[in-house]
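2 protein chains.
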Amino acid sequence: MNNEIVLLGHGSGGKLSHQLLDDLIIPNLSGVPTEDQDDAAVLPMTGDRLAFTTDSYVVDPIFFPGGNIGDLAINGTVNDLAMAGAKPYAISVGFILEEGLSLADLEKILQSMKQAAEKAGVRIVTGDTKVVPRGKGDKIFINTSGVGLFEHEVKVGGSKAAVGDKVIINGSIGDHGMAILSSREGLEFEAPIETDSMSVNALVADLLKEFGDAVHVLRDPTRGGVATTLKEISVQSKVDITMKQTDLPVTPAVQAACDILGLDPLFVANEGKLLTIVKADVAEAVVALMRKHPEGEGACIIGEITGESEGKVYVQTAIGGRRSVEMLSGEQLPRIC
Amino acid sequence: MNNEIVLLGHGSGGKLSHQLLDDLIIPNLSGVPTEDQDDAAVLPMTGDRLAFTTDSYVVDPIFFPGGNIGDLAINGTVNDLAMAGAKPYAISVGFILEEGLSLADLEKILQSMKQAAEKAGVRIVTGDTKVVPRGKGDKIFINTSGVGLFEHEVKVGGSKAAVGDKVIINGSIGDHGMAILSSREGLEFEAPIETDSMSVNALVADLLKEFGDAVHVLRDPTRGGVATTLKEISVQSKVDITMKQTDLPVTPAVQAACDILGLDPLFVANEGKLLTIVKADVAEAVVALMRKHPEGEGACIIGEITGESEGKVYVQTAIGGRRSVEMLSGEQLPRIC
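Going down the list, the sequences are from chains B and U. With the numbering used here, letter number 253 in the first sequence gets 253, and the count goes up by one each step, no holes. With the numbering used here, letter number 40 in the second sequence gets 40, and the count goes up by one each step, no holes.
Hints were generated in silico from the structure; no laboratory data involved. Hints are supplied without guarantee of correctness; some may be wrong.
In this list, chains with the same sequence are indistinguishable; a pair is considered to hold if it fits within one copy or across any two.
Below, computed lysine-lysine pairings styled on BS3-like, alpha-carbon distance capped at 27 Å [what the hints assert, rightly or not]:
| hint | residue 1 | residue 2 |
| --- | --- | --- |
| 1 | Lys119 | Lys87 |
| 2 | Lys312 | Lys15 |
| 3 | Lys114 | Lys160 |
| 4 | Lys15 | Lys244 |
| 5 | Lys15 | Lys160 |
| 6 | Lys312 | Lys108 |
| 7 | Lys155 | Lys292 |
| 8 | Lys119 | Lys209 |
| 9 | Lys244 | Lys160 |
| 10 | Lys209 | Lys155 |
| 11 | Lys279 | Lys119 |
| 12 | Lys279 | Lys87 |
| 13 | Lys160 | Lys119 |
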């Protein structure tokens, strides 16, 4: 590239925009030359249901231990499709660049997006790039939207949790949020905390193939963490969910960082975690299957559906007490994703 | 709402986020309560092709004569789907709100989005809201992505223009861009310039139904204007396109504003315009059909495909000369959409 930073003209729709697309964005993302592109991508499809989701990513900082805003944006949308029980099929990307962003940083982000998409087996098929003046954005915001197709008839959803079901997670909690916060606050630990950002669609596909209708709920506990997600599910399904504090998988580094910052890992964001609620009689088998996947090595049962109600989430403490968990009230962790 | 402005906590994913969704965003946009919502929308669908598109909107100012960023975001994505020959089906919305945005302004924008979606006959089915601190965004950015279905076999595309074809537009050019710029620069005219922002999908559906394969290209001349869009098509189709200056429909107010600001309306953005390239023998009938629609009252032929080449666009001037038109080079009009 002739210019080393993003200029306002890169967002004009004219020659500079085409250069940015042709020289940097397209080669790194899709490989489909601009002269073959129209206003919308047209894709072959099969089936009679479609999953559709969107997320914008405004994480600060844009580079953090274990990842960056680019792979985060792909993984997040891939996972949202997987949580609907769909096979992620195609992704759109919308960039809002701040004038002055280094093109080298943009290229790193694009490369991470491409790798994440390849790993998840989805295609980036359409996109858009806008530029805002210095001080009217913050380096880069990315929207990814996604469509998914269905390969089976299984219908999962937040309202399908039933009394007796078990709550399972595929690994330790709070890693993404604490990676971001440690990085933002300049905290250093002996073992650095890395984001858990990854796609879990292959894991979900295997679960649904193996256990079908015994899988009731799939959800990724991102913003607001496991607590907020379980609270949402409890309200949707009108049930109580009870966890044991000692069953919650938290790494020592994340626990230490949470202690320093006064946070509860239950409320801290994850980006490669899958919460699933399944029939009790398959729960152990689900955990065993998950552990065979690299994405599910730390899988374990963390709770169960303990009754019908308007939706309550409880944690049994190590010393035998019980506390009620509410949603994150709101001020804790801005721009975590 | 208890709070009159957007707070950082509204983006946390917790209680405040849910309040913003439940009290303001959901009632104004979709009407589907949050407790029925999962990570992705699941929609019934038909057909074997899917259109998929995305656009982010960062227009400044967010309110302007004839519209605001909200209806612009819906119309733009509806039109991109229509340009692929698809019937717009479902839209996602991703908000990036700056801390401090007034909730009253947000509500006005949401209401405009809903109206625009209803007018175009599309559903808003999934969404996401993020909040960035003051000075890290600019009031509101909106991403809309859309999926469209196909009701026919007609395949249109920028590479299908053929020698002899006629170039048709549904009305005057440059209105959106000059509405934004006049508003930004504080220019006042006797007749205020309003945006042309509107959805043209109904017009497109009628065209395709009536003229089928005789419709070769559909494109909306947004950023970069008619000139940039025709240049793109000329390169995609490897043809020359020739327009007559005197055939270009420009309102006196837009021409006056362009003269003051030193702009050429051919390069100014439109948001409710449809460029179509059709077989010569149906061109007059296409114009006649368009003029029956409120969206096509000003329809006219503005040029034709005059030869094969690597892609050149020419304008014949009133006094008989000919100038070659290149793409907007890039600095002219930031944040026009």
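Comparing the hints with the structure gives:
{"no.": "1", "hint": "Lys119 with Lys87", "result": "within (13 Å within a copy, 32 Å between copies)"}
{"no.": "2", "hint": "Lys312 with Lys15", "result": "between (56 Å within a copy, 15 Å between copies)"}
{"no.": "3", "hint": "Lys114 with Lys160", "result": "neither (35 Å within a copy, 30 Å between copies)"}
{"no.": "4", "hint": "Lys15 with Lys244", "result": "between (59 Å within a copy, 23 Å between copies)"}
{"no.": "5", "hint": "Lys15 with Lys160", "result": "between (52 Å within a copy, 22 Å between copies)"}
{"no.": "6", "hint": "Lys312 with Lys108", "result": "neither (43 Å within a copy, 35 Å between copies)"}
{"no.": "7", "hint": "Lys155 with Lys292", "result": "within (24 Å within a copy, 46 Å between copies)"}
{"no.": "8", "hint": "Lys119 with Lys209", "result": "within (20 Å within a copy, 41 Å between copies)"}
{"no.": "9", "hint": "Lys244 with Lys160", "result": "within (22 Å within a copy, 63 Å between copies)"}
{"no.": "10", "hint": "Lys209 with Lys155", "result": "within (12 Å within a copy, 36 Å between copies)"}
{"no.": "11", "hint": "Lys279 with Lys119", "result": "neither (30 Å within a copy, 45 Å between copies)"}
{"no.": "12", "hint": "Lys279 with Lys87", "result": "within (22 Å within a copy, 41 Å between copies)"}
{"no.": "13", "hint": "Lys160 with Lys119", "result": "neither (30 Å within a copy, 35 Å between copies)"}
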